[in-house]
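Student: Read off the chains here:
Protein chains: 4
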Amino acid sequence: MLNVGIIGASGYTGVELARILSIHPEVKLTVATSRQYAGKPLSAVFPNLRKRVDLLCEDLTPEQLVDRADFFFAAVPHKTAMALVPTLLAAGKKVVDLSADFRIRDAAVYEQWYQPHTCPELIAEAVYGLPELYREQVKQARLVANPGCYPTSIILGLAPLLREKLIDPSTLIIDSKSGTSGAGRSASVDTLYCEVADGFRAYKVGGTHRHIPEIEQELSVLAGSAVTISFTPHLLPISRGILSTIYATLSSAVSEQDIQALYESAYKDESFVRVCPAGTFPATQHVRGSNCCDIGVKVDARTGRVIVMSAIDNIAKGASGQAVQNMNLMNGFAEDCAIRGAAFFP
Amino acid sequence: MLNVGIIGASGYTGVELARILSIHPEVKLTVATSRQYAGKPLSAVFPNLRKRVDLLCEDLTPEQLVDRADFFFAAVPHKTAMALVPTLLAAGKKVVDLSADFRIRDAAVYEQWYQPHTCPELIAEAVYGLPELYREQVKQARLVANPGCYPTSIILGLAPLLREKLIDPSTLIIDSKSGTSGAGRSASVDTLYCEVADGFRAYKVGGTHRHIPEIEQELSVLAGSAVTISFTPHLLPISRGILSTIYATLSSAVSEQDIQALYESAYKDESFVRVCPAGTFPATQHVRGSNCCDIGVKVDARTGRVIVMSAIDNIAKGASGQAVQNMNLMNGFAEDCAIRGAAFFP
Amino acid sequence: MLNVGIIGASGYTGVELARILSIHPEVKLTVATSRQYAGKPLSAVFPNLRKRVDLLCEDLTPEQLVDRADFFFAAVPHKTAMALVPTLLAAGKKVVDLSADFRIRDAAVYEQWYQPHTCPELIAEAVYGLPELYREQVKQARLVANPGCYPTSIILGLAPLLREKLIDPSTLIIDSKSGTSGAGRSASVDTLYCEVADGFRAYKVGGTHRHIPEIEQELSVLAGSAVTISFTPHLLPISRGILSTIYATLSSAVSEQDIQALYESAYKDESFVRVCPAGTFPATQHVRGSNCCDIGVKVDARTGRVIVMSAIDNIAKGASGQAVQNMNLMNGFAEDCAIRGAAFFP
Amino acid sequence: MLNVGIIGASGYTGVELARILSIHPEVKLTVATSRQYAGKPLSAVFPNLRKRVDLLCEDLTPEQLVDRADFFFAAVPHKTAMALVPTLLAAGKKVVDLSADFRIRDAAVYEQWYQPHTCPELIAEAVYGLPELYREQVKQARLVANPGCYPTSIILGLAPLLREKLIDPSTLIIDSKSGTSGAGRSASVDTLYCEVADGFRAYKVGGTHRHIPEIEQELSVLAGSAVTISFTPHLLPISRGILSTIYATLSSAVSEQDIQALYESAYKDESFVRVCPAGTFPATQHVRGSNCCDIGVKVDARTGRVIVMSAIDNIAKGASGQAVQNMNLMNGFAEDCAIRGAAFFP
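Protein chains in written order, with the UniProt record's numbering: chain A, 1 to 346; chain B, 1 to 346; chain C, 1 to 346; chain D, 1 to 346.
Please note that the accuracy of each hint is not assured.
In this list, chains with the same sequence are indistinguishable; a pair is considered to hold if it fits within one copy or across any two.
[Unchecked claim] Derived PhoX-like pairs: lysine-lysine, alpha-carbon spacing no greater than 25 Å straight-line: (1) LYS79 / LYS51; (2) LYS51 / LYS93; (3) LYS268 / LYS28; (4) LYS79 / LYS268; (5) LYS139 / LYS28; (6) LYS28 / LYS204.
Rather than coming from a laboratory, the hints here were simulated on the basis of the structure.
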């Protein structure tokens, strides 16, 4: 039985971690921190956990935390995470960090999009926790940088095409749409029910979203050359789900059948990546609450472009589900333990 | 390993059964029927099941069905169910029937609200599958009549008060609100997205909903005398969830603390019934996707009435989750096997 | 042309007032106040008003306000309103106050549910602005207390039955459901999209909502005796709309046809109250964005109770639409000027 | 007073036409047809129209129709429309056709995407009813082809850039998202509440949507050369609204400020096109229920692309609102009569 702690349990990724861990047969959730709700039962903050998670929220220092568990999820904002991680690692603990702090391999790039990095020496050690690309490294890691939600949907969607050099990376246009849980659980007028419901809009238009360097880093590795993308995130009136619609010009004449076969082959052994049958496309409602990434492909013969559509649940495969997948790998558990359930529909 | 069949797999209760069974370690789903989708993979009808359920929909007679599994869920409409069940039982199979056909103990009452009953001799044998009330009988049953969704929320909400005779049953007013999945998956203008979204209305107003005789039957058993209720169902712009708000006049002076304690005591050993802490009340979003029933109570000193609020997921505890709970009991599995997960939130 | 000011323009009732006034041919919106957004165009706060309302938000004292318009809507919280109103009246202005400050005729009752009243001498003068009940008094008023949203739906729903003494008022149970805009536009975790969407819950259970004294006051006037109600408000995952489901025991044998006829007769000359044809019931989506109140009635012969259902748009007939209706009456404009539009559907 | 008829009143564009016409001071709605609901009051089909529109649905031939009004809206599907229009025109009536039948100037192109055209001789006469481009021609027309919803959002969004030849048209990628009312009011499993709510997906992926030839026709006119686009429509879980996110490579170095100024200048006299202030972008919730098209622009310096975002209400500016705008122009009424209202928010 692995003793596990959640640092930052009162956000949406925190409650999803607690929910998943409550049915995980190999782990015991021993500590959950929240400055704001310290002293309250976690199930008072999130009544869905009542009779399932019996733990008080605590406000603890990193030094106090190390005595309370052997494995940690850092579900706190960037900057806060890198202030905690060194202490945990120094105490011999393993960590999955859900923030952006260890995702960017080049500290200078990180600092350009975020702020100064306080432990750049740990970046080289951190493994980018997308198991479908880095499974063996994750197994060996003591620090895993859990990918961002948009990056997860986009990188899985593009990996086969980029590896095979079937598209011109300079033509990549990525139009992503995310559910509102991606905005977090802080009080804010912009994400009030009445501001979001029955509406739709873009945000951070024009190459300004902080997931861009992370996406470009991984797409560049796959392409074998530097990739620059156009990326526009939008806010959907749903709680959970991301759909990325990706456009690229084919670099050579390749049939839709060949591309379909390429994707089916690339992901045939992956439990969590599902290639839609030819002519069908993913929907966020079919991955909601599951750790799956559904991908559909289509060639537009009129324009010579390929369109890739990729859907995930932003809190599950885009955050907490993938974090547990990484934990499973890091500890020798079955990779799909506690996260193999199908999406709930409707 | 128990071989299990779902009869009527293409409705919302069917897909929920398949989802739950796909993570159940003790059973194997061996057959799924659907006249409409015969020959198609069930995962083509419900892509959330892709890579999780690998089965074609089939159109089979009861006689063909008996060779294909040892345990059956009948997830078909009333009348269709009673045409199937006798053949299944005669072949030595066990059945959980999700329709209304075996819920009403008095065939005459059944026939007044539905239509002629074709196998009234089986009614006496059928056990009303609300495990919190009839657990021991369910364990012995070969035919379980799975309760309706509204009845589940209401009976669990009222059982402690009626048993203790703390309320005047003639004053019972039950105002229930259900998610739209309760209306089923048939094409219909009334349940189109644009007709339901951003709206709210009642239906079957004035004592005409067919769940009324079922509710009154069980409340009468609990009260020890005939109970007649006012019941108004409403349609919520959500997919899953029922909240019943129940009003009754207290028959004697009893404090809110005593009622709170009564409920906590009544349900303290029940994994799926959760009494909200004093002063807090259930919300459908905290039971969504789970088999839980959350109950809150409050005394209105100004009027001498008690208010009970009871929330379930109508497809889970209100249908397929409870059906699996019954299957678990009927086969000696852990009662919460495959259904102990907490609700998804958000 | 009447010069009109909105005090508190940055809330949901403020933006609805501005929207309606922008198409009103007899008035000119000359000032809009908002402390928080002072100096910003109102159309930057509410982009739906772009090219329709060209006004900066201002932060003004009551003394400054009186020079800027001849008629005022106070769309600020209770307590704030009563600090402004005396100055406006003293300067010869007319006011519709959307807060609760002048709705309760008995200052002691007001103080029991709210806080001390700072200008009780104005209460007697204020007219309760439900035109269907108090049209002639509104026409003469210089201060109108605009009714609360729940009270509007309930009082209009019960007036015919109470006037004719057809129900026993002591049996009144009112189960109301409101859209989230009723919670206002302040940043709050409880009304975030992810907390409200796809969910449903009650709040202020057990006779604690501040609209109760207002409802009971007006029902008592109609009944000719003191009325005490059970009232439970619920939060709907919709932006606009209230549906009140009201139960009462009939005090004598009266047929559904007679009650239907009574309602049709009572409201036949009212443009904004629409009685649903027999056997049909209101839906919030059919009043959304309009100033209408739709009412349906049904007798439950099994229990001897009558059920009244009443639907309004809580921001329109429940607040800003009714406020404009009052302004129209106070100034001799056509009562339905700028508010006669049908609801938008879907 | 102009006598007006709606042919096909029981769809979502029909009810929106009836709603708008009910507040139009210059017209009288004299006939509304619906085969399905013939004999029923239109307000029984759409209760939002109760006490506002007093008309029975009728099932009439074109020959019967001509005696009942002087101006007609054809709100029926393509193919059905072209069977009616010749008779109406021959009788001297004017028509706004909301179907696709007269939008495509080249009958061969029409027949490639739809079916054989039965009155190609009328195509040349029909005016494409986008007033911002063809105002003078609309004023003179007796037959106006009302634009499609996606085309309206896209053409208005791109007109300034194409006219000034600032983008390379071969790089145009258009990612559009529509509310569910665009799918119409027919009973269908795909548009049930439970299939659409809390979800998001694309449809008609890969250059197959029938609006493509209409969009390319008008963009080609603006560009002065043949334009081929990539176009992907998506289904939003909202009732009303379209947001089109449009990407194109700038053909020369032009600053964001210059593009912003170009748009503001192009649309400064248009009441219904609103250019968002620099750095802000449109949202469907800010045009809902209004005839406005909101447009925002942004240059992505990293990629040399411009991003245009354009939002409309698909039933209003995308269908019935624009149809009334055309009727106003064709009859010499104020262009914004009955449609100048701001959007409802929230």
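Student: Take the hints in turn and mark each one as holding or not.
Tutor: Evaluation of the provided hints:
Proximity of LYS79 to LYS51 under the C-alpha cut-off of 25 Å is found in neither arrangement, the shortest distances being 34 Å within a copy and 38 Å between copies. Proximity of LYS51 to LYS93 under the C-alpha cut-off of 25 Å is found in neither arrangement, the shortest distances being 29 Å within a copy and 34 Å between copies. With identical chains, the CA atoms of LYS268 and LYS28 are at most 25 Å apart between copies only, with a shortest distance of 23 Å across copies and 32 Å within one. In this assembly of identical chains, LYS79 and LYS268 lie within 25 Å of each other by CA distance neither inside one copy nor across copies; the values are 38 Å within and 43 Å between.
Taking the shortest alpha-carbon separations for LYS139 and LYS28, only the intra-copy value of 20 Å comes in at or below 25 Å, while the best inter-copy value is 31 Å. Taking the closest pair of Cα atoms, LYS28 and LYS204 never come within 25 Å of each other, the shortest separation being 39 Å inside a single copy and 37 Å across copies.
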